[in-house]
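Student: Protein sequences appear in the order of chains L and H. Residue 221 in the numbering used here sits at position 221 of the first sequence, and the numbers go up by one each step. Residue 50 in the numbering used here sits at position 50 of the second sequence, and the numbers go up by one each step.
Please keep in mind that the hints were generated in silico from the structure rather than gathered at the bench. All values derive from a computational prediction rather than experimental measurement. Don't take each hint at face value.
Between beta-carbon pairs, the in silico distance windows are [claimed, not checked]:
id, chain 1, residue 1, chain 2, residue 2, range
1, H, L84, L, G103, 51 to 59 Å
2, H, L150, L, K564, 47 to 55 Å
3, H, I270, L, L492, 26 to 34 Å
4, L, K564, H, S43, 30 to 38 Å
5, H, V17, L, A409, 46 to 54 Å
6, H, A195, L, I377, 50 to 58 Å
7, L, N381, H, L69, 50 to 58 Å
8, L, T633, H, M148, 29 to 37 Å
9, H, H12, L, E406, 55 to 63 Å
Listed below are the simulated DSSO-like cross-link pairs for lysine-lysine, each with C-alpha atoms no more than 27 Å apart in a straight line [said to hold, decoys possible]:
id, chain 1, residue 1, chain 2, residue 2
10, L, K341, H, K176
11, H, K237, L, K606
12, H, K176, L, K140
Even glycine gets a Cβ: it sits at the ideal position worked out from N, Cα and C.
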Amino acid sequence: MSLTLTTIRGAVALVIGLIAGLGLFMGLSHEAQESEYAARLDRLAIIRSRMIADLVVRAGGFGEASRAAVARAATADPGVVSVRVVRLGGAVLEASTVAADSGDRAAPRRLERSEKWIYDLGQMLQAARATNRDEETTRKAEIVVVRDADSGGVLAVAAPIEVDGSVEGLALVQTADEPPPVATPLLPAAIVCCAAVLLFLLTSGIARNSRWGTALLAALALVAALGAAAWFTTRTISEARRQTTRAVVDLTARQATVARAALPEDERAYDLASWDVDSFGRPRGLVQTDGSATAAAVALGAVEARQWVLRRALAIAVAALSLLLGVALGLATRVTATLRKYRQAYTYAAPALIAMLVLVFIPFLYGIALSFTDANIYNSNEPIGDIWVGLRNFRDILTDLTVSRETPAGRVFNYQNFYWTLGFTIVWTVTNVAIGVTVGLALALALNTAGLRFRPIYRVLLITPWAVPNYITALIWRGMFHKQFGVVNQVLLMIGGDSISWFEHPLTSFTAIVSTNGWLSFPFMMVISLGALQSIPGELYEAARVDGASRWQQFTSITLPSLKPALVPAVIVSVIWTFNMFNIPYLVSAGEPAHATEILITQAYKVAFEQYRYGYAAAYSTIIFVILLAYGTWQNRVSRAVEAV
Amino acid sequence: MNRRQITGDLPHFPLHVFVLIWVVIAVYPVLWVVSVAFSGSQSLSIVDLPPNPTVLDRLRTLVPLPAHLSWSNFASVVTDQPFLLWLLNSAIVSTATTLVGVTLACTSAYAFSRFRFPGRNTGLMAFLVSQMFPGTLMLIPLYIVLVMWLGLGSSRLGLVLVYATTGIPFCVWMLKGYFDTIPRELEEAAVIDGASPAAVFFRIVLPLAKPAIAVTALFTFMTGWNEFILAATFMDKESMYTAPVGLRFFVSGYSEQWGYFAAGAIIVSIPVVALFMFLQKYLVSGLTAGAVKG
Numbered sequence: 001m002s003l004t005l006t007t008i009r010g011a012v013a014l015v016i017g018l019i020a021g022l023g024l025f026m027g028l029s030h031e032a033q034e035s036e037y038a039a040r041l042d043r044l045a046i047i048r049s050r051m052i053a054d055l056v057v058r059a060g061g062f063g064e065a066s067r068a069a070v071a072r073a074a075t076a077d078p079g080v081v082s083v084r085v086v087r088l089g090g091a092v093l094e095a096s097t098v099a100a101d102s103g104d105r106a107a108p109r110r111l112e113r114s115e116k117w118i119y120d121l122g123q124m125l126q127a128a129r130a131t132n133r134d135e136e137t138t139r140k141a142e143i144v145v146v147r148d149a150d151s152g153g154v155l156a157v158a159a160p161i162e163v164d165g166s167v168e169g170l171a172l173v174q175t176a177d178e179p180p181p182v183a184t185p186l187l188p189a190a191i192v193c194c195a196a197v198l199l200f201l202l203t204s205g206i207a208r209n210s211r212w213g214t215a216l217l218a219a220l221a222l223v224a225a226l227g228a229a230a231w232f233t234t235r236t237i238s239e240a241r242r243q244t245t246r247a248v249v250d251l252t253a254r255q256a257t258v259a260r261a262a263l264p265e266d267e268r269a270y271d272l273a274s275w276d277v278d279s280f281g282r283p284r285g286l287v288q289t290d291g292s293a294t295a296a297a298v299a300l301g302a303v304e305a306r307q308w309v310l311r312r313a314l315a316i317a318v319a320a321l322s323l324l325l326g327v328a329l330g331l332a333t334r335v336t337a338t339l340r341k342y343r344q345a346y347t348y349a350a351p352a353l354i355a356m357l358v359l360v361f362i363p364f365l366y367g368i369a370l371s372f373t374d375a376n377i378y379n380s381n382e383p384i385g386d387i388w389v390g391l392r393n394f395r396d397i398l399t400d401l402t403v404s405r406e407t408p409a410g411r412v413f414n415y416q417n418f419y420w421t422l423g424f425t426i427v428w429t430v431t432n433v434a435i436g437v438t439v440g441l442a443l444a445l446a447l448n449t450a451g452l453r454f455r456p457i458y459r460v461l462l463i464t465p466w467a468v469p470n471y472i473t474a475l476i477w478r479g480m481f482h483k484q485f486g487v488v489n490q491v492l493l494m495i496g497g498d499s500i501s502w503f504e505h506p507l508t509s510f511t512a513i514v515s516t517n518g519w520l521s522f523p524f525m526m527v528i529s530l531g532a533l534q535s536i537p538g539e540l541y542e543a544a545r546v547d548g549a550s551r552w553q554q555f556t557s558i559t560l561p562s563l564k565p566a567l568v569p570a571v572i573v574s575v576i577w578t579f580n581m582f583n584i585p586y587l588v589s590a591g592e593p594a595h596a597t598e599i600l601i602t603q604a605y606k607v608a609f610e611q612y613r614y615g616y617a618a619a620y621s622t623i624i625f626v627i628l629l630a631y632g633t634w635q636n637r638v639s640r641a642v643e644a645v
Numbered sequence: 001m002n003r004r005q006i007t008g009d010l011p012h013f014p015l016h017v018f019v020l021i022w023v024v025i026a027v028y029p030v031l032w033v034v035s036v037a038f039s040g041s042q043s044l045s046i047v048d049l050p051p052n053p054t055v056l057d058r059l060r061t062l063v064p065l066p067a068h069l070s071w072s073n074f075a076s077v078v079t080d081q082p083f084l085l086w087l088l089n090s091a092i093v094s095t096a097t098t099l100v101g102v103t104l105a106c107t108s109a110y111a112f113s114r115f116r117f118p119g120r121n122t123g124l125m126a127f128l129v130s131q132m133f134p135g136t137l138m139l140i141p142l143y144i145v146l147v148m149w150l151g152l153g154s155s156r157l158g159l160v161l162v163y164a165t166t167g168i169p170f171c172v173w174m175l176k177g178y179f180d181t182i183p184r185e186l187e188e189a190a191v192i193d194g195a196s197p198a199a200v201f202f203r204i205v206l207p208l209a210k211p212a213i214a215v216t217a218l219f220t221f222m223t224g225w226n227e228f229i230l231a232a233t234f235m236d237k238e239s240m241y242t243a244p245v246g247l248r249f250f251v252s253g254y255s256e257q258w259g260y261f262a263a264g265a266i267i268v269s270i271p272v273v274a275l276f277m278f279l280q281k282y283l284v285s286g287l288t289a290g291a292v293k294g
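Here chain L stands alone, though its shape is the one from the complex (with noise of 0.2 Å):
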């Protein structure tokens, strides 16, 4: 064994590649700790709110005989603090057993000023089981854990009492249970990492000094200790999930004694399944209705915890071997040289890099690898990993081919296919910029006459629409192609039309939004041509003139060809620019009727912002982007050939 600079630097990079890589796990161990004893706590406190709520609908109702229960209930539980049962109607707090609620207090009494805040969690629980009920969704929680800002513990739980199927009540359940502490394994971290780098450095001699084959021992070395680690993390995670799964099977049990103790003339057996659910009221699937654990459940929870910790390794061992690599081969070094010898450029070039990377690059990423998940508004927290499907949302965009379909009412046209809306894009950019070029160019020709009076005039008024930004622009005509008191209808009614529902009809709808952005669009080319126009030597013409060129073969054959290297670049920015433009498709017609004139961004917008579906929005916007790419690329190629001439 011989300590070479080779082997050092090796020994160097793998104490950091292990001081990161342990690092993450460590966190992630205790991260995952924390989070399975919150989810324990609220778990438990979730089965005995529900057991209280079935006491109570168990002993006929609000009344006499559940107040009793309830108490009875409540003092057979060490863990219990306290229980309230609330009536929603007529806001009747019917049982307590805070020690204040006693004496003049004692329930059934009205709930008081201070106490309001039950009332108004009964209210919300109300409320979102009616909106889960009519939305065949479970988009609202059922149950609400108050949680404890300071110890981080369960404060109280609120669960809904059902009598015939409408919510009337909640029990609010108050529990003593505290979180474990969280483990932090330093010592098996410490052993580990010592442990690495031994062998790494007994095994050291084998790579002869060559900096590839130390710093491939060295990973190696540091593979095998994140293994150690995500085996260690694996057991701390199983153990916390299997001591869940005790916790609540031995609980439920004992609020099954507990419940009958408490109402002993009720001898019907408990369906102990429907204490243990989610924040939906959903059961959970682990105890079973005469309170034994189902063995498919508990397996099946400790072969997720190994996957949760699996998909996480694999992102830390990457982090951490390239950060081994780095600093072995040198790459590390080498970053740091070149940094210090242009100290003065990237200190003045990296406030602006560092934003544009922080704030545009990372989140474009980050977008581009959200259109290979399913993410939406409710697991955008959870890590890609979890939520990653692959590329069936580029599938689905990509392969549903049915744009319109045959139906005994006639022919119907599925507006949201994406190949419609591409077409539609297309021949909104083209038509758009025919417009915009036709006009424009028309009008700078006239302006561009010898002699033209009020020319100033002219060019000032006619850049107007120009100078409104576009966002008004789009409101005020929305407000023009109103169909009742729109200027465009009155138009049509004053020379004996019918007034027309512009935006019923996908022709008439398209004929806005393009009308729309023909008056925005126009200036810009004018302004355009008639630079490039007063730019001609007028001796052109007057040569052609002698030579007998018709007007038309003047415009042809000299008036185009020099408007042309002026012309193309515009041409290429209002494509791109008619392509995103966000603003009058969205604001005038809103993609009606049914989204029959939306362009690819105001659906992708759509899709993310109005369905939620932000794994779909995402990978419909990356199509976008290599469309623009594409065309980016193309427009480069045809610009260089315009300069060149």
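Position chain H against the provided structure of chain L, taking the given hints into account.
Tutor: This is chain H only, laid out in the frame that chain L set:
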């Protein structure tokens, strides 16, 4: 200006007619907004139609001149409605965006213009490519990161961060182009006189680039002032709306308050329209130059 164009010997009268038609088209919507603003009512129509309108009556509805003039829309939009607050939000956001964006862009553009360093070309290309990301494409990840993770929804700070960074590439390219035209000899002379690199930048380059910085700043301000969709997505609370979101709020939903909208639109537009008329020649050269260089 030469006097021998292709249209040189055409009769002027039809040209005037043609141009005038387009002038009417260009100006009409603006006049219409002005007359709705001064009509004093919330209705879309400028005059009310009698029960059996004649062609003349109908023609009258088209003339952008309200039946009676009134300031009431302007008065109530700034007093009864939270419009002043929205204007203030817009002003704060746009000003902060300009300060942050232009400051960051100045130093960065200077580095790209004066120094050759590894990553320079990649950086410049990255700036250009980022201009190709449509705003809505960035919206989803930005929304998740800023609003759902960092809780910066309905905050001016979040909007400023987004506007400033998305505006940086444009600012950097504009300023770099101008820095390139400042002769290096000036800086070298200063260095010989013993100026530190920082002094060269702050005392020589920045003062020389004042006009370009001013133009860039005005553009950045205008972009922030006119931006609609990011603000509409990020600002949920009514008290945090910017002016564009607020104006849209007036005419969406069940009660369409066109009078307030028109009055507000005029207040919001006057500064930017004036700025635009002043700046348009820079805009044209900047945009097309960028496109050709690709």
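Student: Between V17/H and A409/L, does the C-beta distance stay in 46 to 54 Å?
Tutor: This hint holds: roughly 49 Å between Cβ atoms.
Student: Does the Cβ pair T633/L, M148/H satisfy 29 to 37 Å?
Tutor: 34 Å, holds
Student: For the pair we were handed, K176/H and K140/L, check the Cα-Cα distance against 27 Å.
Tutor: 53 Å, violated
Student: Quick one, are K341/L and K176/H close enough, alpha carbons at most 27 Å?
Tutor: 23 Å, holds
Student: Given a hint of 26 to 34 Å, does the C-beta separation of I270/H and L492/L actually sit inside it?
Tutor: For L492/L against I270/H, whose Cβ atoms are near 32 Å apart, the range 26 to 34 Å holds.
Student: Does the hinted range 50 to 58 Å hold for A195/H and I377/L at CB?
Tutor: This hint holds: roughly 56 Å between Cβ atoms.
Student: K237/H and K606/L: Cα distance at most 27 Å?
Tutor: 20 Å, holds
Student: Starting from the hint 50 to 58 Å, judge whether the C-beta atoms of N381/L and L69/H obey it.
Tutor: Holds, at about 56 Å.
Student: CB of K564/L to CB of S43/H, is that within 30 to 38 Å?
Tutor: Since the Cβ atoms of K564/L and S43/H sit about 49 Å apart, the hinted range of 30 to 38 Å is violated.
Student: Holds or violated: the 51 to 59 Å window for the beta-carbon distance between L84/H and G103/L?
Tutor: 55 Å, holds
Student: Check the following: the C-beta atoms of H12/H and E406/L are separated by a distance inside 55 to 63 Å.
Tutor: Distance hint for H12/H, E406/L holds at roughly 58 Å.
Student: Given the range 47 to 55 Å, decide if the beta-carbon distance of L150/H to K564/L lies inside it.
Tutor: 49 Å, holds
Hint compliance for this structure: hints 4 and 12 are broken, all remaining hints hold.
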